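Enquirer: Using the sequences and the accompanying hints, generate a full structural model.
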Amino acid sequence: MAALAGVVFGLALLASAPLGCSLRATHGDYDAYRSYRLADDQSARALAGATYLERYPEGVYAEEVRAALGAEEERFYAVRASSAAGLRDYLRVYPTGRHAAAAHAELQALSRRDAEDAAAVTRAREASEAAAAAALRAHRGFTRERLDLFLGVLLRVDTWGQPMEQVVQAHPELDRAFAADPRPVCDATRCTKTLRVSFALPTDEGGVVERVSQVVVVLTLDDERLLGAEVWLPGFGFSRWYELETRTAVDDEDPEARRAATSWALAEIAPMLQAALGESFTAGARPPLTSTRSHVPLLVLDAGGLSVDVVVAADGAAGGVDGFVIGPRASAP
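Here the sequence shown stands for residues 105 to 437, where the numbers follow my numbering.
It is possible that part of the hints are untrue.
What follows is a list of derived Cβ distance ranges for each label pair [to be verified]:
1. GLN270 / ALA387: 28 to 34 angstroms
2. GLU178 / SER215: 23 to 29 angstroms
3. THR298 / ALA219: 51 to 57 angstroms
4. ALA206 / GLU230: 34 to 40 angstroms
Since the hints were derived computationally from the structure, they do not count as laboratory data. Quick caveat: nothing in here was measured; it's all calculated off a predicted structure. Positions of the beta carbon are idealized from the N, C-alpha and C atoms, including for glycine.
Expert: Have a look at this one:
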(Lines of atoms letter the chains of each structure in order from A and count residues from 1; the text may use other names and numbers.)
(Lines give C-alpha, C1' and ligand atoms only; values in the text may rest on other atoms or scores of the structure.)
Protein backbone atom coordinates (compact mmCIF):
# COMPACT_ATOMS: atom_id res chain seq x y z
CA MET A 1 0.00 0.00 0.00
CA ALA A 2 2.85 2.38 0.83
CA ALA A 3 4.36 1.92 -2.64
CA LEU A 4 0.95 2.48 -4.27
CA ALA A 5 0.42 5.59 -2.17
CA GLY A 6 3.82 6.89 -3.29
CA VAL A 7 2.92 6.36 -6.94
CA VAL A 8 -0.46 8.04 -6.48
CA PHE A 9 1.22 10.94 -4.70
CA GLY A 10 3.80 11.16 -7.49
CA LEU A 11 1.05 11.19 -10.12
CA ALA A 12 -0.69 13.95 -8.23
CA LEU A 13 2.51 15.96 -8.12
CA LEU A 14 3.10 15.27 -11.76
CA ALA A 15 -0.40 16.40 -12.60
CA SER A 16 0.16 19.57 -10.58
CA ALA A 17 3.35 20.47 -12.48
CA PRO A 18 2.91 23.65 -14.49
CA LEU A 19 1.68 22.95 -18.00
CA GLY A 20 4.14 25.45 -19.37
CA CYS A 21 7.08 23.48 -17.97
CA SER A 22 5.79 20.36 -19.67
CA LEU A 23 5.56 22.13 -22.96
CA ARG A 24 9.06 23.61 -22.72
CA ALA A 25 10.79 20.39 -21.59
CA THR A 26 12.42 18.06 -24.08
CA HIS A 27 11.23 14.50 -24.24
CA GLY A 28 14.32 13.24 -22.34
CA ASP A 29 14.08 16.02 -19.76
CA TYR A 30 10.46 15.26 -19.10
CA ASP A 31 10.99 11.47 -18.90
CA ALA A 32 13.80 11.88 -16.37
CA TYR A 33 11.68 14.26 -14.32
CA ARG A 34 8.75 11.85 -14.52
CA SER A 35 10.96 9.04 -13.17
CA TYR A 36 11.89 11.31 -10.28
CA ARG A 37 8.29 12.19 -9.45
CA LEU A 38 7.04 8.60 -9.75
CA ALA A 39 9.78 7.02 -7.61
CA ASP A 40 8.44 4.51 -5.06
CA ASP A 41 9.83 6.20 -1.94
CA GLN A 42 11.79 9.21 -0.81
CA SER A 43 15.18 7.49 -1.04
CA ALA A 44 14.50 6.25 -4.56
CA ARG A 45 13.20 9.72 -5.45
CA ALA A 46 16.41 11.33 -4.22
CA LEU A 47 18.51 8.99 -6.35
CA ALA A 48 16.28 9.64 -9.36
CA GLY A 49 16.62 13.37 -8.69
CA ALA A 50 20.40 13.05 -8.69
CA THR A 51 20.19 11.22 -12.01
CA TYR A 52 18.00 13.98 -13.40
CA LEU A 53 20.46 16.70 -12.32
CA GLU A 54 23.42 14.75 -13.71
CA ARG A 55 21.72 14.54 -17.10
CA TYR A 56 19.95 17.89 -17.12
CA PRO A 57 21.74 20.31 -14.76
CA GLU A 58 20.02 23.21 -16.55
CA GLY A 59 16.81 21.34 -17.24
CA VAL A 60 13.35 22.82 -17.00
CA TYR A 61 12.79 21.12 -13.65
CA ALA A 62 16.34 21.43 -12.31
CA GLU A 63 15.57 24.22 -9.85
CA GLU A 64 12.59 22.37 -8.43
CA VAL A 65 14.49 19.09 -8.10
CA ARG A 66 17.51 20.81 -6.57
CA ALA A 67 15.34 22.56 -3.97
CA ALA A 68 13.51 19.34 -3.09
CA LEU A 69 16.77 17.47 -2.67
CA GLY A 70 18.16 20.22 -0.48
CA ALA A 71 15.17 19.95 1.81
CA GLU A 72 15.68 16.18 2.10
CA GLU A 73 19.45 16.16 2.71
CA GLU A 74 19.44 15.76 6.49
CA ARG A 75 16.88 12.98 6.48
CA PHE A 76 18.60 11.20 3.60
CA TYR A 77 21.98 11.32 5.35
CA ALA A 78 20.54 10.12 8.66
CA VAL A 79 18.96 7.12 6.96
CA ARG A 80 21.98 6.24 4.78
CA ALA A 81 24.99 7.06 6.96
CA SER A 82 25.19 3.65 8.63
CA SER A 83 26.54 1.73 5.61
CA ALA A 84 29.12 2.15 2.88
CA ALA A 85 26.44 1.75 0.20
CA GLY A 86 24.32 4.42 1.89
CA LEU A 87 27.27 6.81 2.14
CA ARG A 88 28.01 6.31 -1.54
CA ASP A 89 24.36 7.03 -2.33
CA TYR A 90 24.56 10.21 -0.24
CA LEU A 91 27.66 11.40 -2.09
CA ARG A 92 26.03 10.67 -5.42
CA VAL A 93 22.98 12.75 -4.53
CA TYR A 94 24.88 15.41 -2.55
CA PRO A 95 28.48 15.44 -3.88
CA THR A 96 29.11 18.82 -2.21
CA GLY A 97 26.59 18.40 0.60
CA ARG A 98 26.96 19.41 4.20
CA HIS A 99 28.10 15.94 5.19
CA ALA A 100 30.24 15.20 2.12
CA ALA A 101 33.57 15.49 3.94
CA ALA A 102 32.37 13.27 6.78
CA ALA A 103 30.98 10.74 4.30
CA HIS A 104 34.30 10.59 2.43
CA ALA A 105 36.21 10.14 5.69
CA GLU A 106 33.87 7.40 6.90
CA LEU A 107 34.09 5.59 3.55
CA GLN A 108 37.88 5.65 3.77
CA ALA A 109 37.72 4.29 7.32
CA LEU A 110 35.30 1.57 6.23
CA SER A 111 37.55 0.73 3.30
CA ARG A 112 40.53 0.37 5.63
CA ARG A 113 38.54 -1.83 7.99
CA ASP A 114 37.33 -3.94 5.08
CA ALA A 115 40.91 -4.30 3.85
CA GLU A 116 42.07 -5.25 7.35
CA ASP A 117 39.22 -7.74 7.71
CA ALA A 118 39.99 -9.21 4.29
CA ALA A 119 43.68 -9.48 5.21
CA ALA A 120 42.76 -11.18 8.49
CA VAL A 121 40.51 -13.63 6.64
CA THR A 122 43.30 -14.30 4.15
CA ARG A 123 45.82 -14.88 6.95
CA ALA A 124 43.41 -17.21 8.73
CA ARG A 125 42.72 -19.12 5.52
CA GLU A 126 46.43 -19.38 4.71
CA ALA A 127 47.16 -20.57 8.26
CA SER A 128 44.37 -23.14 7.99
CA GLU A 129 45.63 -24.30 4.60
CA ALA A 130 49.19 -24.52 5.92
CA ALA A 131 48.01 -26.54 8.91
CA ALA A 132 46.00 -28.82 6.63
CA ALA A 133 48.99 -29.25 4.32
CA ALA A 134 51.24 -30.03 7.28
CA ALA A 135 48.71 -32.54 8.58
CA LEU A 136 48.51 -34.14 5.14
CA ARG A 137 52.30 -34.33 4.91
CA ALA A 138 52.44 -35.86 8.38
CA HIS A 139 49.72 -38.34 7.43
CA ARG A 140 51.44 -39.32 4.21
CA GLY A 141 54.80 -39.48 5.98
CA PHE A 142 53.53 -41.70 8.79
CA THR A 143 55.12 -44.96 7.65
CA ARG A 144 58.36 -43.34 6.51
CA GLU A 145 58.80 -41.54 9.84
CA ARG A 146 58.20 -44.71 11.86
CA LEU A 147 60.61 -46.69 9.72
CA ASP A 148 63.19 -43.91 9.98
CA LEU A 149 62.77 -43.89 13.76
CA PHE A 150 62.81 -47.59 14.55
CA LEU A 151 65.22 -48.80 11.88
CA GLY A 152 67.48 -45.89 12.71
CA VAL A 153 67.49 -46.89 16.38
CA LEU A 154 67.71 -50.66 15.93
CA LEU A 155 70.46 -50.55 13.31
CA ARG A 156 72.67 -48.71 15.83
CA VAL A 157 72.23 -51.26 18.61
CA ASP A 158 75.51 -52.93 19.55
CA THR A 159 74.44 -54.56 22.81
CA TRP A 160 72.77 -57.70 21.50
CA GLY A 161 72.54 -60.47 24.08
CA GLN A 162 72.75 -58.09 27.01
CA PRO A 163 70.01 -57.42 29.60
CA MET A 164 67.48 -54.83 28.49
CA GLU A 165 68.46 -52.60 31.40
CA GLN A 166 71.95 -52.29 29.93
CA VAL A 167 70.61 -51.98 26.38
CA VAL A 168 68.44 -48.96 27.19
CA GLN A 169 71.26 -47.37 29.19
CA ALA A 170 73.50 -47.64 26.13
CA HIS A 171 70.69 -46.67 23.73
CA PRO A 172 68.21 -44.37 25.52
CA GLU A 173 66.66 -43.48 22.16
CA LEU A 174 65.39 -47.06 21.93
CA ASP A 175 63.73 -46.73 25.33
CA ARG A 176 62.09 -43.42 24.30
CA ALA A 177 60.85 -44.83 21.00
CA PHE A 178 59.27 -47.85 22.65
CA ALA A 179 57.85 -45.94 25.62
CA ALA A 180 55.93 -43.49 23.39
CA ASP A 181 52.28 -44.14 22.59
CA PRO A 182 50.94 -46.54 21.57
CA ARG A 183 52.48 -48.53 24.38
CA PRO A 184 54.06 -51.90 23.51
CA VAL A 185 52.64 -55.24 24.59
CA CYS A 186 55.29 -57.33 26.31
CA ASP A 187 55.72 -60.83 27.72
CA ALA A 188 58.72 -62.90 28.67
CA THR A 189 59.77 -63.55 25.06
CA ARG A 190 58.96 -60.37 23.19
CA CYS A 191 57.80 -56.76 23.22
CA THR A 192 55.57 -55.76 20.32
CA LYS A 193 54.65 -52.24 19.28
CA THR A 194 52.04 -51.76 16.54
CA LEU A 195 51.67 -48.46 14.70
CA ARG A 196 49.08 -47.93 12.00
CA VAL A 197 47.51 -45.27 9.85
CA SER A 198 44.31 -45.53 7.81
CA PHE A 199 43.96 -43.76 4.48
CA ALA A 200 41.77 -43.71 1.41
CA LEU A 201 42.69 -43.79 -2.26
CA PRO A 202 40.58 -42.47 -5.13
CA THR A 203 39.40 -45.00 -7.70
CA ASP A 204 38.96 -44.58 -11.43
CA GLU A 205 35.21 -44.89 -10.89
CA GLY A 206 35.14 -41.81 -8.65
CA GLY A 207 34.92 -43.67 -5.36
CA VAL A 208 37.50 -44.42 -2.69
CA VAL A 209 39.17 -47.57 -1.41
CA GLU A 210 40.16 -47.84 2.25
CA ARG A 211 43.70 -48.87 3.13
CA VAL A 212 45.81 -49.37 6.26
CA SER A 213 49.59 -49.07 6.53
CA GLN A 214 51.08 -50.80 9.58
CA VAL A 215 54.52 -50.95 11.14
CA VAL A 216 54.97 -53.68 13.75
CA VAL A 217 58.19 -53.55 15.78
CA VAL A 218 59.20 -56.62 17.78
CA LEU A 219 62.01 -57.02 20.28
CA THR A 220 62.76 -60.69 20.91
CA LEU A 221 63.90 -61.55 24.44
CA ASP A 222 65.29 -64.40 26.46
CA ASP A 223 65.60 -63.99 30.20
CA GLU A 224 65.23 -60.22 29.67
CA ARG A 225 68.16 -60.20 27.26
CA LEU A 226 67.78 -58.64 23.81
CA LEU A 227 68.21 -61.34 21.18
CA GLY A 228 67.04 -59.52 18.07
CA ALA A 229 64.56 -57.12 16.53
CA GLU A 230 62.03 -57.22 13.72
CA VAL A 231 60.26 -54.49 11.79
CA TRP A 232 57.29 -55.87 9.87
CA LEU A 233 54.90 -54.23 7.41
CA PRO A 234 51.91 -56.62 7.24
CA GLY A 235 49.48 -56.89 4.36
CA PHE A 236 52.11 -56.42 1.63
CA GLY A 237 53.28 -53.41 3.58
CA PHE A 238 55.73 -52.07 1.00
CA SER A 239 52.76 -51.69 -1.35
CA ARG A 240 50.73 -49.90 1.33
CA TRP A 241 53.61 -47.53 2.07
CA TYR A 242 53.95 -46.78 -1.64
CA GLU A 243 50.21 -46.10 -1.87
CA LEU A 244 50.24 -43.84 1.17
CA GLU A 245 52.95 -41.57 -0.21
CA THR A 246 52.18 -41.64 -3.93
CA ARG A 247 48.36 -41.84 -3.74
CA THR A 248 48.54 -44.58 -6.38
CA ALA A 249 46.74 -47.87 -5.80
CA VAL A 250 48.69 -51.12 -6.11
CA ASP A 251 47.09 -54.42 -7.10
CA ASP A 252 49.18 -56.92 -5.15
CA GLU A 253 48.03 -59.69 -7.48
CA ASP A 254 49.66 -57.86 -10.40
CA PRO A 255 53.34 -58.91 -10.33
CA GLU A 256 54.51 -55.82 -12.19
CA ALA A 257 52.65 -53.41 -9.91
CA ARG A 258 53.84 -55.24 -6.82
CA ARG A 259 57.43 -55.29 -8.09
CA ALA A 260 57.34 -51.55 -8.79
CA ALA A 261 56.07 -50.78 -5.28
CA THR A 262 58.67 -53.05 -3.69
CA SER A 263 61.50 -51.52 -5.71
CA TRP A 264 60.38 -48.05 -4.66
CA ALA A 265 60.28 -49.03 -0.98
CA LEU A 266 63.71 -50.67 -1.04
CA ALA A 267 65.19 -47.64 -2.78
CA GLU A 268 63.79 -45.45 0.01
CA ILE A 269 65.28 -47.71 2.69
CA ALA A 270 68.66 -48.26 1.01
CA PRO A 271 70.34 -45.06 2.32
CA MET A 272 69.49 -46.02 5.90
CA LEU A 273 70.89 -49.52 5.48
CA GLN A 274 73.97 -48.10 3.79
CA ALA A 275 74.56 -45.68 6.66
CA ALA A 276 74.24 -48.44 9.27
CA LEU A 277 76.22 -51.14 7.47
CA GLY A 278 78.86 -48.96 5.83
CA GLU A 279 80.80 -49.78 2.71
CA SER A 280 82.20 -53.07 3.99
CA PHE A 281 78.97 -55.03 4.22
CA THR A 282 78.60 -58.37 2.53
CA ALA A 283 75.51 -59.71 0.80
CA GLY A 284 75.67 -63.42 0.49
CA ALA A 285 74.03 -66.69 1.36
CA ARG A 286 73.39 -67.71 4.93
CA PRO A 287 70.43 -69.07 6.88
CA PRO A 288 67.75 -66.56 7.84
CA LEU A 289 68.02 -64.90 11.21
CA THR A 290 65.83 -66.32 13.94
CA SER A 291 62.53 -64.44 14.09
CA THR A 292 58.95 -64.69 15.30
CA ARG A 293 57.79 -65.16 11.70
CA SER A 294 58.98 -67.77 9.27
CA HIS A 295 60.58 -65.84 6.43
CA VAL A 296 62.70 -66.23 3.33
CA PRO A 297 64.97 -63.20 2.93
CA LEU A 298 65.29 -61.41 -0.36
CA LEU A 299 68.66 -60.11 0.84
CA VAL A 300 70.93 -61.07 3.72
CA LEU A 301 73.33 -58.31 4.73
CA ASP A 302 76.19 -58.52 7.22
CA ALA A 303 78.68 -55.94 8.45
CA GLY A 304 80.70 -55.67 11.63
CA GLY A 305 78.63 -57.10 14.46
CA LEU A 306 75.29 -56.68 12.67
CA SER A 307 73.15 -58.81 10.37
CA VAL A 308 70.00 -57.78 8.55
CA ASP A 309 67.49 -59.84 6.59
CA VAL A 310 65.43 -57.90 4.06
CA VAL A 311 62.11 -59.68 3.59
CA VAL A 312 59.69 -59.26 0.68
CA ALA A 313 56.48 -61.27 0.70
CA ALA A 314 56.22 -63.79 -2.10
CA ASP A 315 53.72 -63.09 -4.88
CA GLY A 316 50.32 -64.47 -3.96
CA ALA A 317 51.27 -65.19 -0.35
CA ALA A 318 48.23 -64.95 1.89
CA GLY A 319 48.56 -61.90 4.15
CA GLY A 320 52.04 -61.27 2.79
CA VAL A 321 54.42 -59.52 5.18
CA ASP A 322 57.35 -57.35 4.15
CA GLY A 323 59.99 -56.21 6.58
CA PHE A 324 63.38 -56.51 8.23
CA VAL A 325 64.96 -58.82 10.77
CA ILE A 326 67.91 -57.37 12.69
CA GLY A 327 70.30 -58.99 15.10
CA PRO A 328 73.89 -59.80 16.03
CA ARG A 329 76.02 -60.95 13.17
CA ALA A 330 75.04 -64.42 12.07
CA SER A 331 77.65 -67.11 11.59
CA ALA A 332 78.27 -68.34 8.07
CA PRO A 333 77.07 -71.91 7.41
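Enquirer: For each hint given before, does the structure comply? Return the numbers of the non-compliant ones in rising order.
Expert: When the structure is compared with the hints, none of them turns out to be violated.
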